[in-house]
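Following the hints, complete the assembly by docking chains C and F onto the known chain W.
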Amino acid sequence: MMAFLRKQQYLIDFTLSSLLRRRGKNFGLLLVYTMIVFMLASVMLFTESLRKEAGIILQQSPELILQRIVAGRHALIPAEYLDKIGRVRGVTQKKARLWGYLYDPAVKANYTMMVSEDRELSATEVIVGAGIARTRGIGLGDYVTFRSHDGKALSFQVKEILSHDSELVSSDLVLMSEKAYRSIFGVPDGYYTDIVLSVRNKKEVRKVAEKLALKLPDSRPILREEVLRTYDSIFNWRQGIVFVLLAGAVLAFVIFAWDKASGLSAEEKREIGILKAVGWETADVLRMKFWEGAIVSLTAFFLGYLAAYLHVFYGSASLFEPVLKGWAVLYPDFQPVPFIDGLQVATLFFFSVFPYTVATIIPIWRASITDPDAVMR
Amino acid sequence: MLIELTDIRKAFNQGKPNEFWAIQGVSLTIEPNRITCLKGASGSGKTTLLSMIGCLSRPTSGRIALDGKIVSGLPERFLTEIRRHTFGFIFQKFNLIQGLSVLENIMLPAYPLGLDYGTLKSSAERLLDQFNLSSKRSNPVEWLSGGEAQRVAICRAMINDPKILIADEPTANLDTKLSREFMDLMGELRRSGKTILITSHDPLVFESPVVERVVEMRDGLLVDARS
Amino acid sequence: MRNSSIFLLFISACGLLLSLTVIDAAVRRSNAADDLQRRAQIVRQAGLTDLALFTEARYTRHLSQSDLHSAFQDHPMAMEHFPSGSLVQPPRSDDQ
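Protein chains in written order, with the numbering used here: chain W, 1 to 377; chain C, 1 to 227; chain F, 1 to 96.
These are computed hints drawn from the structure, not numbers from a lab.
We put the beta carbon where it would ideally sit given N, CA and C, even for glycine.
There may be inaccurate statements among the hints.
As the list claims (entries may be wrong) - Computed, partial: chain F to chain W, Cβ under 7 Å:
| no. | residue |
| --- | --- |
| 1 | Asn3 |
| 2 | Cys14 |
| 3 | Arg29 |
| 4 | Ala33 |
| 5 | Asp35 |
| 6 | Leu36 |
| 7 | Arg39 |
| 8 | Ala40 |
| 9 | Val43 |
| 10 | Arg44 |
| 11 | Gly47 |
| 12 | Ala52 |
| 13 | Thr55 |
| 14 | Glu56 |
| 15 | Ser64 |
The shape of chain W in the complex, shown without the other chains (with noise of 0.2 Å):
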C-alpha cells in the first residue's frame, strides 16, 4: 500500500515537472481552464441562490391576484368587479389595489409607484425604496418630485426610506397614499390596477380561479404557484445567455479535451519510449498520463469554484452586474444567500475534471503498448 503512494508520488513528481518545461502554454491553459470553472461556477451559484430566495420571499405573495384585459392589453378594473365577485367559498379577503410604473427623466429610471394603505401617508408623503434614494440622491425629509399626468410637478416628501436589506425586491418602490396616487396618474375614482385575494387553502386556489372566470369572463387569474413558477425557471438553461455561456463552456472543454486525445508528437512517442527502456511498465506510463490530466484539471476546479464562491456570495457577483442591469438604470443593491446545490457542484466537479482527464490517457494507450525497442535505434 505504502509502496502504490509512493509510487504515485513519483509520478505526480515526473508529471509536475513535465509540465513545467512548458510553463507558459500549460500556465496558460490552467488560467483559461480555471476561468471557464470560474464563470460556470458563478453563473451555477447566483442562479440557484435567487431562485431558492425567491422560492422563500414570494411565497408570501397574494394567492391570488385578478387583473382586467380589454383587448389584450392590461386594463384598470372597476370597483363593481368587486361586487361581481360577491361571496366565493374560501376566500377570506379582497381587496383592489391600485400600482404602476413611472418614468423620470430626471435619472431615466423606471419606478414602481404603489398605495400602501397600511403605512398610514398623507397626500404629500412618500415612502422610497433604497435604490432610488441612492440614485436620486435623496435621504429622509427630502422633497422628490413627479410629473403628474396633466403636466403638473407634485412635490412630495421623503417619511421613510426602505431598508437597505429588502433592496431585492423594494429597490425601485414609490408607496404612497390613494389620493397622491390618483392625482399623479390621473387614475378615476372607482378604478383600480387589480384585484387581489386571499384564499385559506392553498388546494383551493386554482377552484376559485376558475369560478372567478366565469363570474369575470374579461378577467385574467394570477395564482401564486404561477409567481413561484416565473421564479424557478428564472435564468434557465436553456435559454439567452445562459445557454450561450454553457454551451462555449463546453465547447471550450472539448477542446482542450480533444487536443489532447488527438495523438502525442513524436517527442512525446519517443519519451514514453525512453521511460518504458529504463523500466517502466505500460500501467505506470498510463498513471503517468493520467496524473498530467488529474492535476490540471482538479487545480482549475478548486481555484475557479473558490474563486467563484467569493466573486457571489462576498462579491455580490459583481461581474454579472452589467449583464443584468442591461438598459435599467436602478439595480437592486443585496448580497446572494448561499443556498448550494451539492448536486450542482458535484456536477460541476464532474464534468471539468473526467473528460479532461480521460482525454490525456486515450492517446497515450496506443503508444505506450509498443516495444520500447525504438529508442534503440
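Positioned in the frame of chain W, the structure of chains C and F alone reads:
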C-alpha cells in the same frame, strides 16, 4: 548472471513484401562478470541482438535464457520486471529526458518501485558522487557536456543496481579522450562485479584492453567467437 | 521540497478551503434568516410579486404579472429589445 541465446532469429515486417530477417540464427553464451563487445558494421544486427538480450524486444524464434530461466517468452509485465532489476541501459544517444534535472533523470527508472524517497535520493547522490557529478545534480540535462551526459546515462543505468550493463555504441558521440575515460569506467564497473555488454564498430572500444571478449557479427549471423 | 509535496499541500489546502465554504455558507444562511424574514414581510405587506431585478420595462420588472402579449404590446421586437429578455422568459402557463 549467465546469458544464453539459442538459435535466435528476428524478422521485421513478417508476412509483408518487405520482410527482413535481421538476425538469422545466432547462438551465443555470454559469461557473467566479463566485458563482452559485439562488433560489426551498421546493419549487421548487433543493435537488434542487444535489444533482445536486454528484454526490450522479443525474438521471432529461438530462446533467450538468463541463469537457466527462459525469458524470451514471458509477457510484457514480467519482462519489464526483469529488465528493471537485471539490466541497465546506456543508449547511443543517451536518451535523457529533456527539461528534467540530472537527479530526476537518474532516479527515474526507480519511480515505479515506490521506494522510500530518502533512500532513493541517497543512492542517486552516491552515484553522482562516484562519477563526479554532484555539483551538477540540479542542472537541467540540456546544460551538460557530452561527457557529463554520458556519465549521467551511466548513473541512470545503475540506479536499480543491475547485474548487467548494456551499452549501445557508447563512444559514437564522444571524442578520443572521453572514449578512453568511458572504457576505463567500464573496467572499474566490471571489477565491482558487473557484467558488461557493449556494441560498437569503434576500434577504440573493441581493441581496448578492458574488453575480454569480442563477438563479431555480419548480416545477422556471428562471424567468429574468439576470446 | 519535492514538487509533488508542494502540489499535494496545495490540493489539501484547496480541499480545506472548500470545506470552509460549506461551513461559511451554512453560517451565512442562518445569519441571513432574519433578512429573509424582513424581505418576506415586505412582500406580504405590499403584496409584491416580483424581484426588482430588471427595471427596464414593465414586463421585465413584473415578470409574473406579464404574459407573452405584454412585451409585444409595446414593440414587436420587445423581447429582444432589452438584454434581460435573453435571461428570463415570460411565465409559462400550465399547458406549455
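Status of each hint after checking the structure:
1. Asn3: holds, 4 Å
2. Cys14: Since chain W brings a Cβ to about 4 Å from Cys14(F), closer than 7 Å, the hint holds.
3. Arg29: Status holds, d = 6 Å.
4. Ala33: violated, 9 Å
5. Asp35: This interface hint holds because 5 Å falls under the 7 Å limit.
6. Leu36: holds, 6 Å
7. Arg39: For Arg39(F), the interface hint holds, since the closest Cβ of chain W sits about 5 Å away, which is under 7 Å.
8. Ala40: holds, 4 Å
9. Val43: This hint holds: Val43(F) lies near chain W, its Cβ roughly 4 Å from the closest one there, short of 7 Å.
10. Arg44: Result: holds, 4 Å to nearest chain W Cβ.
11. Gly47: holds, 5 Å
12. Ala52: This interface hint holds because 4 Å falls under the 7 Å limit.
13. Thr55: holds, 4 Å
14. Glu56: holds, 5 Å
15. Ser64: holds, 4 Å
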